[in-house]
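Participant: Listed below, chain by chain, are the residues.
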Amino acid sequence: MKNNLLVSFWPHIQMKDSITKIMWIVFLSLIPAGIAGVYFFGLHSLVLIFVSIVTAVFTEALIQLIRKKKITIYDGSAALTGLLLAYNLPPAVPFWIPIVGSFFAIAIAKQTFGGLGRNIFNPALSARVFLLLSWPTYMTAFVNPFGSADTISSATPLSTLKEGGRTLSDIGLTYMDLFLGRRAGCIGEVAIFLLLLGALVLLILKIITLHTPLSFIFMLAIFSWIFDKHGLFKGDVLFSIMSGGVILGAFFMATDYVTSPLTKKGKIVFGIGCGLITFIIRRFAGYPEGVSFSILIMNAFVPLIDRIFKPSVYGKK
Amino acid sequence: MVKIEENKIFTRNRPIEKFIPPVVYIPLIQHTGKPTLPLVKAGEYVLLGQKIADVEANITASIHSSVSGEVKAIQLYPHPVLGKAMAIIIENDGQDKNEIKPLKEEEVKNLTFKELRLKIKEAGIVGLGGAGFPTHVKLNPPKPIDTLIVNGAECEPYLTGDFRLMLEKTGQIIKGIELIVRCLELKNVYIAIEDNKPEAIRAFEKELKSFSITRYKLHILKSYYPQGGEKQLIKNILKKEVPSGKLPFDVGVVVHNVGTCFAIYEAVYLNKPLYERVVTVTGNCLTHPKNLLVRIGSPIKELINYCGPLKEEPKKIVLGGPMMGIAQYTDEVPVIKTTSGVVAFGESEVMVSKESFCIRCGRCVEYCPVGLMPAILSLSSQSQNWQLAKEYNVFDCIECGLCSYVCPAKRNMVQYIKTAKAVLVKNEPR
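Going down the list, the protein sequences come from chains A and B. Under the working numbering, the residue at position 261 of the first sequence is numbered 261, and the numbers go up by one with no gaps. Under the working numbering, the residue at position 240 of the second sequence is numbered 240, and the numbers go up by one with no gaps.
Next comes chain A alone, as it looks inside the complex (with noise of 0.2 Å):
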């Protein structure tokens, strides 16, 4: 008789698929618009990444180690926090900017709540708009691409238009420009382009789905257009939606698993929230950009959607 046989709970087979292998393909999507954020804005972008990842991934294994945790270091998510928290960060701030960015988004926001799965909001976004509030002379201070970091003062096109700009050719760039990411802004979110191509690797591996960025994004769309500060259905479409975080925050942050809804209609309604209040603080509120605060926003609703929207049960009808 056989006593060493493994006995478990049915199934008895599982698809291959892992966090890790989510979580590192995430990692790559997202490295050649990093690569473009190098090209436009210089080394010091890439100083800024690896600094960002570097600590993301000690802190994690740090708080693990005191927690007498099983180190899950390998495992992605750590790192992809840090490389998203740079992809948020203005590329010139000081290499320490990353350091205490990293530090809160994986000690205060994610181990705090007990780590991977458990926390509510979006730790690299956490830890950007932490860092805005509390530095907010370096992490609004912008360079243009190919500038030289003594021409630090430069403005995105998001906030010389919120000063009264009127049009993109009054700043002086055109929508192939912001399409490419020839424009001052974040080091991650300029180059759309190469963001989109990211995306679309997700969407084939069916890492994510298009429910979320697409409601986001058509959102953001519609009401940018028609209340437009120069009258009704006057807005910029597409100026709205490929100038600041848009693409980066609704293909690879809006998306994050863990901080939002489950269900297909919750994802649909989470990206409504996102693109709305995105425009409600690009048109009314102080800041230019809005698509951080409109994410964390919306983080927390996720239980609420979940419970509202949930699918409809066989034989329930």
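Hints may contain errors.
Stated by the list, open to error - Keeping only pairs whose Cα atoms sit at most 25 Å apart, straight-line, the calculated PhoX-like set for lysine-lysine is:
| # | chain 1 | residue 1 | chain 2 | residue 2 |
| --- | --- | --- | --- | --- |
| 1 | B | LYS51 | B | LYS18 |
| 2 | A | LYS265 | B | LYS239 |
| 3 | A | LYS265 | B | LYS51 |
Unchecked claim - From the derived model, a few chain A residues whose C-beta atoms are all more than 12 Å from chain B:
| # | residue |
| --- | --- |
| 4 | TRP10 |
| 5 | ILE66 |
| 6 | PHE103 |
| 7 | GLY114 |
| 8 | LEU180 |
| 9 | LEU200 |
| 10 | ILE208 |
| 11 | ILE222 |
| 12 | GLY286 |
| 13 | ILE297 |
| 14 | ASP306 |
| 15 | TYR314 |
If you're looking for bench data, these hints aren't it; they were derived computationally from the structure. Each residue gets a CB set at the ideal place from its N, CA and C atoms; glycine is no exception.
Using the hints, position chain B against chain A.
Facilitator: Relative to the frame of chain A, chain B by itself:
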């Protein structure tokens, strides 16, 4: 829709072979319903097909000897579902002595509905798809029924027993279906087969033509898991749903597995009780995986040896399919009426990855065939918030295990869900 690795290739082209062991261990309970009591004693000689256990009840199924020979003992013995249960142990004398006499076509034609039903009850037939519900009960429904779905989906990976049966015994299965139609005076009959079994579909097309039967509709299903679930079949074929907490009866439908239809044919035409069934014996440990016509009570270790030599020691042995089968603690357990497969997994096929916390990827929600949110069910069970599990309809779960299959965090969803159900039932019996 998620594609599960089918792995049916190992056995799909292997014709059904007979397997007869030297000793059989026949449990007194192999069905849903009241356990039977032995009718024989140790030392007694029994014939093949002789009734050896029964009980006065409606929802039960009598048990027959699967060999001729001497009863050695009646004692506790490993059981594939219950862990341990009373079993009648019979030594096979290899003679297969029996008093089974087939009926003539005329005699079958003259049987009344009551006689038919009695014959099926006497043969101890239960649903052979896995649930093991006594078939005669399903033939006497409390409500009128107009539709029969014959389940030939066989959506479990690895298993090919139903497929081989459909291929090799097409005519007999159709005769069995006709008997059910006679019992229930049915209007609609659907024979449901997944599109990964084109040979079986062709066999039925041909056979239905030669019988010149046109009222039976062959319904070709997309092959995906869990297509063969009763409720899924009803939804996909008839476009209607069985209300939560109700049975197919309630929407005028009954579902029978192809194997059960074949058993009904044998019981009525051949007078043969259910003492053998087709079992797929497979898995990467085996050099020669096979489809076997196995005598009930055969220990699975002998089936495994028969399909050997072993390439490696099995690490896990599953009775049934890999998605919903039950892992065994010993290879001594016998085949019972509901055993559709024996899958011997080796080191490489056994998953030992530890589960991690839910990352809320939502795949389980996307793929759940019932429309549940397994992620929330597992989390509420994990935190012992049983009421939350109930609020999220834990009792509608059919335990197909698809949520676990697609989970990148490798969570034991079925275990969490079954725990929640058990606690809720215990705390507040429904």
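Participant: All hints, please: hold or fail.
Facilitator: To see whether the hints hold, each was checked on the structure:
1. Using a Cα cut-off of 25 Å, the hinted pair B/LYS51 and B/LYS18 holds, with the two alpha carbons roughly 22 Å apart.
2. Straight-line distance between C-alpha atoms of A/LYS265 and B/LYS239 comes to about 23 Å, which keeps the hinted pair within the 25 Å bound.
3. Restraint check for A/LYS265 and B/LYS51: the C-alpha separation of about 57 Å exceeds 25 Å, so the hint is violated.
4. Consistency note on A/TRP10: stated as away from chain B, yet its beta-carbon is not over 12 Å from all of that chain's, at 5 Å minimum.
5. Look at A/ILE66: its CB is around 18 Å from the nearest CB on chain B, clear of 12 Å, so calling it non-interface holds up.
6. Every C-beta of chain B lies more than 12 Å from that of A/PHE103, the closest at about 22 Å, which supports listing it as non-interface.
7. Not every Cβ of chain B is farther than 12 Å from the Cβ of A/GLY114; the closest lies at roughly 8 Å, contradicting the non-interface assignment.
8. The beta carbon of A/LEU180 is kept farther than 12 Å from every beta carbon of chain B, the shortest such distance being approximately 32 Å.
9. With a minimum CB-CB distance of about 19 Å to chain B, A/LEU200 clears the 12 Å threshold, and the non-interface call stands.
10. Some Cβ of chain B comes within 12 Å of the Cβ of A/ILE208; the nearest lies about 10 Å off, and the non-interface call is violated.
11. Remark: the non-interface label on A/ILE222 is consistent with the geometry, its nearest Cβ contact in chain B lying 26 Å away (cut-off 12 Å).
12. A cut-off of 12 Å between C-beta atoms confirms that A/GLY286 is not in contact with chain B; the least separation is 33 Å.
13. Non-interface call for A/ILE297 relative to chain B: holds, since the shortest CB-CB distance, roughly 18 Å, exceeds 12 Å.
14. Remark: the non-interface label on A/ASP306 conflicts with the geometry, its nearest Cβ contact in chain B lying 7 Å away (cut-off 12 Å).
15. A Cβ of chain B approaches the Cβ of A/TYR314 within 12 Å, the least distance being about 4 Å, so the stated non-interface status is violated.
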